[in-house]
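K.L.:
Here's the letter readout for the chains.
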Amino acid sequence: MSLVVLPVILPLFGSGLALLAIRSLVLQRVIALGTNLAALGCAIGLLVAVESDGIQAQTVGAWPAGVGITIVADLAAAMFLLVSLVVIVLVQVFAVGQGSDEGNPRIGQPVYLVLSAGVSLSFLTGDLFNLFVAFEVMLIASYVLLTMRATGKVVRSSMTYVVINILASTLLLSTVGLIYGATGTVNMAELVTRYPELPQATQTALGVLLISVFAIKAALFPFFFWLPDSYPTAPVAVTAVFAGLLTKVGIYTLIRSTTILQLDDARWLLVVAASLTMVVGVIGAIVQSDIKRILSFHIISQVGYMVMGLAIGTVAGLTGAVLYVVHHIPVKTALFLVGGLVEDATGTAQLSRLGGLVRRAPVFAVLFLIPALSLAGVPPFSGFLAKLSVIVAGLEAEEYVMVAASLVASLFTIFSMSKIWAGVFWGTADDPTPALAEAEANEQKLPVHPVTTAATATLVLATLIVPIFGGTVFELAERAALQLLDSSDYIEAVMNS
Amino acid sequence: MSIVLAVLVAWLFAVGTYLVLQRALTRIVLGLGLMSHGAILLLVAVGGRAGRPPLVGKGDDGAGIAAPLPQAFALTAIVIGFGMTAFLLALAYKSWVGTSDDEVQDDVEDLLSGLGGSDDGSDDEPWVEFEAEDHPDVSKRAKP
Numbered sequence: 001m002s003l004v005v006l007p008v009i010l011p012l013f014g015s016g017l018a019l020l021a022i023r024s025l026v027l028q029r030v031i032a033l034g035t036n037l038a039a040l041g042c043a044i045g046l047l048v049a050v051e052s053d054g055i056q057a058q059t060v061g062a063w064p065a066g067v068g069i070t071i072v073a074d075l076a077a078a079m080f081l082l083v084s085l086v087v088i089v090l091v092q093v094f095a096v097g098q099g100s101d102e103g104n105p106r107i108g109q110p111v112y113l114v115l116s117a118g119v120s121l122s123f124l125t126g127d128l129f130n131l132f133v134a135f136e137v138m139l140i141a142s143y144v145l146l147t148m149r150a151t152g153k154v155v156r157s158s159m160t161y162v163v164i165n166i167l168a169s170t171l172l173l174s175t176v177g178l179i180y181g182a183t184g185t186v187n188m189a190e191l192v193t194r195y196p197e198l199p200q201a202t203q204t205a206l207g208v209l210l211i212s213v214f215a216i217k218a219a220l221f222p223f224f225f226w227l228p229d230s231y232p233t234a235p236v237a238v239t240a241v242f243a244g245l246l247t248k249v250g251i252y253t254l255i256r257s258t259t260i261l262q263l264d265d266a267r268w269l270l271v272v273a274a275s276l277t278m279v280v281g282v283i284g285a286i287v288q289s290d291i292k293r294i295l296s297f298h299i300i301s302q303v304g305y306m307v308m309g310l311a312i313g314t315v316a317g318l319t320g321a322v323l324y325v326v327h328h329i330p331v332k333t334a335l336f337l338v339g340g341l342v343e344d345a346t347g348t349a350q351l352s353r354l355g356g357l358v359r360r361a362p363v364f365a366v367l368f369l370i371p372a373l374s375l376a377g378v379p380p381f382s383g384f385l386a387k388l389s390v391i392v393a394g395l396e397a398e399e400y401v402m403v404a405a406s407l408v409a410s411l412f413t414i415f416s417m418s419k420i421w422a423g424v425f426w427g428t429a430d431d432p433t434p435a436l437a438e439a440e441a442n443e444q445k446l447p448v449h450p451v452t453t454a455a456t457a458t459l460v461l462a463t464l465i466v467p468i469f470g471g472t473v474f475e476l477a478e479r480a481a482l483q484l485l486d487s488s489d490y491i492e493a494v495m496n497s
Numbered sequence: 498m499s500i501v502l503a504v505l506v507a508w509l510f511a512v513g514t515y516l517v518l519q520r521a522l523t524r525i526v527l528g529l530g531l532m533s534h535g536a537i538l539l540l541v542a543v544g545g546r547a548g549r550p551p552l553v554g555k556g557d558d559g560a561g562i563a564a565p566l567p568q569a570f571a572l573t574a575i576v577i578g579f580g581m582t583a584f585l586l587a588l589a590y591k592s593w594v595g596t597s598d599d600e601v602q603d604d605v606e607d608l609l610s611g612l613g614g615s616d617d618g619s620d621d622e623p624w625v626e627f628e629a630e631d632h633p634d635v636s637k638r639a640k641p
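From first to last, the protein sequence lines are chains H and X. Here the numbering used here is used: the first residue of the first sequence is 1, the next is one more, and so on. Here the numbering used here is used: the first residue of the second sequence is 498, the next is one more, and so on.
Simulated from the structure, these hints should not be mistaken for laboratory data.
Calculated from the model, a selection of chain H residues having no Cβ within reach of chain X, i.e. all distances over 12 Å: (1) Ile9; (2) Leu27; (3) Ile44; (4) Gly54; (5) Val192; (6) Arg194; (7) Glu197; (8) Ile260; (9) Val315; (10) Gly356; (11) Val378; (12) Phe384; (13) Thr428; (14) Ala457; (15) Thr458.
Derived, one-sided and incomplete: chain H residues facing chain X with beta-carbon distance under 10 Å: (16) Ile140; (17) Ala150; (18) Leu173; (19) Gly184; (20) Val186.
Which chain H residues stay away from chain X? Per the calculated CB distances, all over 10 Å, these: (21) Val48; (22) Val448; (23) Pro467.
From the three backbone atoms N, C-alpha and C, an ideal C-beta is built for every residue, glycine too.
Build out the structure end to end from the sequences listed, making use of the hints.
P.N.:
Take a look at the structure:
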């Protein structure tokens with residue numbers, strides 16, 4: 001069995017085991033963390049293998065390639081997989097520390113493993129129909145995590161999320177059907193050669209359909225409205241992992257499909273969507289007054305930068321997009337986790353009821369500051385490298401309007417990060433929560449939960465890896481972009497699997 | 498693709514879209530169900546001309562049979578669609594139990610953002626102490 005299939009199979013197997021261990025929470029946690037750690041180990045091995053030996057592929061079920069489902073990892077997929085699994089494991093530790101997997105029925109950990117398998121399969125599949133299945137696996141797990149303990153208002157906002165995603169999945173299914181009808185295959189490697197043989201009009205129509213579907217998943221303008229409604233209502237560990245991973249899976253499939261199908265005449269669509277997504281997302285963030293809602297709007301804005309790299313379409317642009325995803329996944333998750341730490345300690349995430357945490361909880365302030373500056377693109381943090389490479393690529397490709405939009409969005413990002421900073425960490429609260437008021441009165445520090453804080457701190461430290469090994473990461477991203485643009489290695493690896 | 502199937506797919510999508518745009522959750526669920534039927538029928542329809550046998554005996558080169566791949570797709574999609582519909586119904590029930598209303602309400606958070614206030618949406622999170630006096634009914638606050 002090849003290493004590529006393990007990140008998918010292990011969590012699914014672990015999920016079954018964890019369900020069997022439903023009577024013991026400790027056993028469940030050991031199984032769930034163990035399997036995700038094993039999957040993380042496989043992801044590291046996979047990245048090393050792809051880096052040294054080229055693209056890894058495995059066609060399952062002993063069918064010939066092109067008939068059976070191919071699981072394939074190129075550099076981009078392997079990098080995203082590794083980053084995602086790091087985030088998945090650390091958020092799991094956070095959730096265990098917080099005890100949010102307690103309570104009956106104990107299905108939190110098994111469902112979380114299914115989510116992990118779905119995310120891995122989305123990155124690794126080389127087959128369009130299987131991608132639909134991977135999305136469904138990931139989404140059904142996300143629906144359950146979102147609504148598991150929900151009541152009243154939360155059910156209403158998760159309903160929007162569920163309905164929009166089922167609608168998008170139905171569209172994806174129809175598009176896959178139409179692509180099969182037109183080309184006779186759903187294998188991505190075969191589509192590289194067969195898709196350009198179609199009449200130009202058919203290519204454009206199918207391409208726009210596919211881009212729309214993935215744009216809904218990635219929360220691109222004008223399909224972003226569901227995200228800030230649903231994400232902030234979930235428990236913080238769930239929101240953090242969704243914020244880090246789910247839209248980025250959409251971005252990955254968008255990158256994959258536009259490069260595989262060579263959708264050059266739909267590029268203007270991506271340029272418009274990227275510019276508007278960056279600006280509209282960040283403007284949405286400015287009017288919010290709740291940490292989780294501000295951060296949710298920032299997901300949308302940041303997704304715009306990744307699509308900007310893709311819309312530029314050059315090697316430099318795609319390098320920027322890959323770097324941006326690698327930078328964004330841990331940074332965004334870390335910000336949400338800090339939001340969770342603040343909420344756990346004080347009882348609220350509303351800016352008006354918080355203040356002065358730089359004195360009451362200096363640890364949180366440091367943990368927030370690093371990813372916040374990184375998100376805004378301040379050197380030397382990871383966001384600077386990612387933003388710089390996207391913007392330089394944009395200037396080279398003479399996409400001045402889009403570059404201007406990205407700079408404006410960047411400025412507003414700093415503004416709203418300072419808004420959180422000023423509201424939560426500086427000053428005093430207008431209307432402090434009981435926990436905060438008590439700490440203020442006694443001049444005490446707020447309680448710092450060791451496990452959740454350690455998990456967050458590890459993730460924040462992990463975001464520093466990108467700037468420290470900037471050269472290596474950039475070179476890897478550039479090679480990943482070259483592989484995405486030149487499909488010959490991909491086809492060869494899939495056909496020989 | 499047979500014209501009858503094509504028209505039927507279009508009809509299912511049209512009715513589904515109409516139902517999804519309604520306010521009542523049960524109609525939305527039904528609409529999504531119809532749309533997924535439309536998509537599945539589309540998968541069957543792209544499999545080639547009607548009337549071909551699904552399988553022929555051993556040693557056949559497969560030229561005379563219907564394409565097996567779309568049928569596999571359709572079966573997978575039916576199973577997934579079934580699961581999703583069941584989940585949606587459960588969620589709609591939960592929503593009905595919570596609010597004793599089948600209507601999808603406007604999001605108060607959106608209205609509040611425009612008015613400069615915000616509810617922190619934390620009333621369902623177990624680690625947050627909920628104090629009723631700090632959280633007057635949001636819908637009342639939403640009215641200027």
